[in-house]
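Chains as they are written, first to last, in our numbering: chain A, 47 to 345; chain B, 47 to 345.
Careful, some of the hints might be misleading.
Any copy, or any two copies together, can satisfy a pair, since identical chains are not distinguished.
[To be verified] In silico DSS-like pairs for lysine-lysine, Cα to Cα no more than 27 Å straight-line:
no., residue 1, residue 2
1, 340, 122
2, 176, 162
3, 242, 340
In case anyone wonders, no lab produced these hints; they're calculated from the structure. All values reported here derive from a predicted model rather than from experimental measurement.
Number of protein chains: 2
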Amino acid sequence: MNTIIIGTIGYDTVETPFGKRERALGGSATYASVAASFFTNPGMVAIVGEDFEDKHKELLKSKNISLSGIKQVPGKTFAWGGKYEFDMNEAKTEFTDLNTLLDFDAELPDEYKNAKYVFLANTDPVLQMKVIEQLKQPELIVMDTMNFWIDTKKQELLEVIKKVHVLLLNDGEARQLFDTVNLAQAANQALALGPKFVIIKKGEHGALLFGNGSHFNAPGYPLEVIKDPTGCGDSFAGGFIGYLAKHNAVDEASLRKAIIYGSVIASFNAEDFSLDRNSKLTMDEIEKRFQEMKEIREF
Amino acid sequence: MNTIIIGTIGYDTVETPFGKRERALGGSATYASVAASFFTNPGMVAIVGEDFEDKHKELLKSKNISLSGIKQVPGKTFAWGGKYEFDMNEAKTEFTDLNTLLDFDAELPDEYKNAKYVFLANTDPVLQMKVIEQLKQPELIVMDTMNFWIDTKKQELLEVIKKVHVLLLNDGEARQLFDTVNLAQAANQALALGPKFVIIKKGEHGALLFGNGSHFNAPGYPLEVIKDPTGCGDSFAGGFIGYLAKHNAVDEASLRKAIIYGSVIASFNAEDFSLDRNSKLTMDEIEKRFQEMKEIREF
Numbered sequence: 047m048n049t050i051i052i053g054t055i056g057y058d059t060v061e062t063p064f065g066k067r068e069r070a071l072g073g074s075a076t077y078a079s080v081a082a083s084f085f086t087n088p089g090m091v092a093i094v095g096e097d098f099e100d101k102h103k104e105l106l107k108s109k110n111i112s113l114s115g116i117k118q119v120p121g122k123t124f125a126w127g128g129k130y131e132f133d134m135n136e137a138k139t140e141f142t143d144l145n146t147l148l149d150f151d152a153e154l155p156d157e158y159k160n161a162k163y164v165f166l167a168n169t170d171p172v173l174q175m176k177v178i179e180q181l182k183q184p185e186l187i188v189m190d191t192m193n194f195w196i197d198t199k200k201q202e203l204l205e206v207i208k209k210v211h212v213l214l215l216n217d218g219e220a221r222q223l224f225d226t227v228n229l230a231q232a233a234n235q236a237l238a239l240g241p242k243f244v245i246i247k248k249g250e251h252g253a254l255l256f257g258n259g260s261h262f263n264a265p266g267y268p269l270e271v272i273k274d275p276t277g278c279g280d281s282f283a284g285g286f287i288g289y290l291a292k293h294n295a296v297d298e299a300s301l302r303k304a305i306i307y308g309s310v311i312a313s314f315n316a317e318d319f320s321l322d323r324n325s326k327l328t329m330d331e332i333e334k335r336f337q338e339m340k341e342i343r344e345f
Numbered sequence: 047m048n049t050i051i052i053g054t055i056g057y058d059t060v061e062t063p064f065g066k067r068e069r070a071l072g073g074s075a076t077y078a079s080v081a082a083s084f085f086t087n088p089g090m091v092a093i094v095g096e097d098f099e100d101k102h103k104e105l106l107k108s109k110n111i112s113l114s115g116i117k118q119v120p121g122k123t124f125a126w127g128g129k130y131e132f133d134m135n136e137a138k139t140e141f142t143d144l145n146t147l148l149d150f151d152a153e154l155p156d157e158y159k160n161a162k163y164v165f166l167a168n169t170d171p172v173l174q175m176k177v178i179e180q181l182k183q184p185e186l187i188v189m190d191t192m193n194f195w196i197d198t199k200k201q202e203l204l205e206v207i208k209k210v211h212v213l214l215l216n217d218g219e220a221r222q223l224f225d226t227v228n229l230a231q232a233a234n235q236a237l238a239l240g241p242k243f244v245i246i247k248k249g250e251h252g253a254l255l256f257g258n259g260s261h262f263n264a265p266g267y268p269l270e271v272i273k274d275p276t277g278c279g280d281s282f283a284g285g286f287i288g289y290l291a292k293h294n295a296v297d298e299a300s301l302r303k304a305i306i307y308g309s310v311i312a313s314f315n316a317e318d319f320s321l322d323r324n325s326k327l328t329m330d331e332i333e334k335r336f337q338e339m340k341e342i343r344e345f
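Same shape as in the complex, but just chain A (with noise of 0.2 Å):
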């Protein structure tokens, strides 16, 4: 398995002011395996239990993604549930069930040990550190994480930190994990601690990629309608991934088009509610909205 991706699956209730969904297909595994098939076969690694339904299966195989590293449980599949107000940007937490997220053990399949190509979706950041102690030869680790990890393990990530490639932030996360609201001054102590790059997420305003002495300022497609934004960070990060492990590369020409084809899917993503846009997307329209972001920064 040349692509990795560890997160949740889950089933959300969200409610935006454009609807309500209950129990549609979620979590960040998910979201990010399904924009990373658009160039590659990733496998998840994830946790569900008894209530994870055939058809959920059915659609990720349907994108030639691996199940092999899925854990089918008792008891019931991690959930969700959250409402986004007039500003689409943040949501509020209505509800969280971990249920069988709790038994979460992070074990890859021996088939998933050889992964060049990694992408640990936010979770507990010791699982996130036992997941690297199992690769055998990555080329590209990129990790996510949140504000609730930055609380109450803050030591234990920074030790992830240190081992991974890429590191992937939002805005909030960055001002919050190094106690400074410039982004800069953020991502030059991300990077002080030891990955080669450092990319902030900033939603609707783009993402902005810092290596060592370099820069690149990604732009936020202008959409004029965000049904739903849950997943965008993990489809965001998919893309990237799955664009990068197509081309075996990690260059930084190519994180940046990797960071505008993140972006691309992310887009897609929040034109509707859980996976139903991206489900359904085509690499032609993709391709289409890729050269709609060359041309909106064109000077």
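Chain B: place on chain A using the hints.
Relative to the frame of chain A, chain B by itself:
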């Protein structure tokens, strides 16, 4: 006079985490005119009191800025005090002494009435309209405003917007004026009123240009230290209109370049208090950073 800039001259007392300055030269017309002076010789339209210092007149004259539209009257010059906290994006106003600004009548000297490039900095929309009515052959009128006028004179403000070519707003103002959180929607509503272009300034996140069916996304320059953001919006506008005046151009390709030059000059402005940085800025420094802006967008 080919280019005129209507706004305030003031004495600013500003405190940021990096220091404090008392009664430093400021005001929208000042910042915008100094920025425009890198490309053209603008004429200022403003009012000052008896306390307006000769050394500040000399500074403006040394930049080949015409002062014949500046009225000096008995009383004191407009003064403003503000403080920036940890988040440098917005100032908390500590005092506003309008002083002689209450007597500002926006009368143009005769030689200013032929101006082709006009920047109406944030002022009472009634005065902005009065300026527009005095213009004989404007090619490009750019206007700015602020939340205070949206709250208190929205109808008059909308009438001015109908008469200008480019509406300049920050993101918060755009959302407030058009009652939507979505900037693309806000821009489209603005365009429907009459302007050919709308520019939404987003501070560290850059700026967006919306035309009829077209879109441009300008990056923010990744400054590691922002000493004082006062005047950045006006420096942006001044650089923008100055560039267009120099090239006598109002097409979209020129506007895109003008936005980048405006952003570059605004980024320098933030590097020090008052006009300390931009009064010493050179065209070589501007061109170098313009190239950097190209590089951070390459993919």
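Are any of the numbered hints broken by this structure? If so, which, sorted upward? When the structure is compared with the hints, only number 1 turns out to be violated.
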